[in-house]
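Visitor: Fit chain B to the known structure of chain A by using the hints.
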Amino acid sequence: AVVSTQSGHYGRGGMATLKDIEMRLKSVKNMKKITSSMKMVSAAKFARAERALKPARAYGTGAASLYEKNDFDTSGKDSVLLALSSDRGLCGGIHSNVGKMVKAAHAETPITKAIIVGDKAKAILVKVIGDTFLSCFNNVGKKPTSFTDALDIAEEVLSHDYDTINIVYSKFKNIVSYNTEEKPVPSLESVESNAAIYVYDEVDSEVLRCYQEFTLANIIYHSMKECEASEQSSRMSAMENATKNAGEKIDALTLQYNRTRQAVITRELIEIISGASALE
Amino acid sequence: MAFRSLVVRSATLCRRAMATEVSSNTFPLTFGSPNKSIHDGSHVKQVDIPSTTGHFGILPNHVPTIAALLPGVVSIQTEAGDVQKFFVSSGTAQIHPDSTVMIQAEEICDLGDIDVNAARSGLEAAQSKLASASSEVDKAAAQIEVDVYQSMVASV
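Heads up: the protein sequence lines correspond to chains A and B, in order. Count the first sequence with the working numbering and you get residues 1 to 280, in order. Count the second sequence with the working numbering and you get residues 1 to 156, in order.
Simulated from the structure, these hints should not be mistaken for laboratory data. As the structure is a computational prediction, the values presented were derived from the model and not from experiment. Note that beta-carbon positions come from the ideal geometry of N, C-alpha and C, so glycine has one too. Just to be clear, a hint being listed does not mean it is correct.
Okay, the calculated bits of chain B under chain A, using three or more residues with CB under 8 angstroms as the criterion [to be verified]:
id, segment
1, 32-38
2, 63-73
3, 80-94
4, 133-146
For reference, chain A alone in the conformation it holds in the complex (with noise of 0.2 angstroms):
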């Protein structure tokens, strides 16, 4: 006899019983709810981070425009790389790409220095440059970035010798779309060294240094707004289509749900009244 499948409420052939399809309906429902309240925050926080982001844009591509307008050397061999991400996953493929990218990079020309920010960029990396790293930085990602924090990344980065250093963080450009990009900053003794420097008038070697430091925490800050804005729509995005995956398989397993139970009804029946019609 052939056991048909829509009576597998019996538990029978490993079939879902009535039972085992109400515990996954449940799953997923709460599952739905969750995805669903965190987009809402992440809709939120990026409404905010999309907010601060205008006047960091201003400021920070104000702060690089010395380097915008001239030409100064940033393929120095000594060259240390910063990497932007965060804490927190959830936010589609914002710190898989920032991974991708450094390790093309290091197929290219090999990294011998690397300051990480956020644990997820360190959880891909630390495998391909894990002996290259300076530091890292975490605790990035729960609250919005303030200036300080790009303050402490500079100083950090600042401590140490270099040529130039390339930041790979995650561009935002609307609120469906982000671009991971390489972002090189040159080094104090690049700039002194090139003749363009000269057309600014009487610039004595300190407050060229100034510059260079504020500047750098500036592009980094800036940098840091970006990567935020973007994570947070990425979030929403991959929040939303989530919690509409979660919505299609809850019609799903409401629709095999009510089967299952019609079948249970019309074996019970039919078990009913082949009894009784064998007792007559």
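Guide: Just chain B now, kept in the frame of chain A:
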């Protein structure tokens, strides 16, 4: 016919000359702090900044330079003619060869928002901190506090 075209041509030349005169009267200024952008490329007539090499004013076509800011008042004369004054804690300024000016200040405060009494009591607290500071780092930090408060009190 020829005379008329000559008149038209000289009129256009006059207009073009006047147009360049107006635009060379102002220069684009980007002035902000990490969380507040005051000007983002808007055209202004003059900016006065407190720098380590002295308090100086910037007009269009100023010689390119890079300056570090001291705590003090940044005064901006906008294209419309009104004067904006802000207190800045510190920062940097760049004047580029194309006459664009970028100023990054760590903290910007509208001059009207400063409470003189709070600034004076802050100055006294900072001075006592400087007197009691022991390490070089503490002394330097306290000195910076004193400088900022002194400048704040002087500016209102």
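Visitor: State for each hint whether it applies.
Guide: To see whether the hints hold, each was checked on the structure:
no.: 1; hint: 32-38; in the structure: holds (count 6)
no.: 2; hint: 63-73; in the structure: holds (count 6)
no.: 3; hint: 80-94; in the structure: holds (count 3)
no.: 4; hint: 133-146; in the structure: violated (count 0)
In summary, the structure is inconsistent with hint 4 from the numbered list given earlier, while agreeing with all the others.
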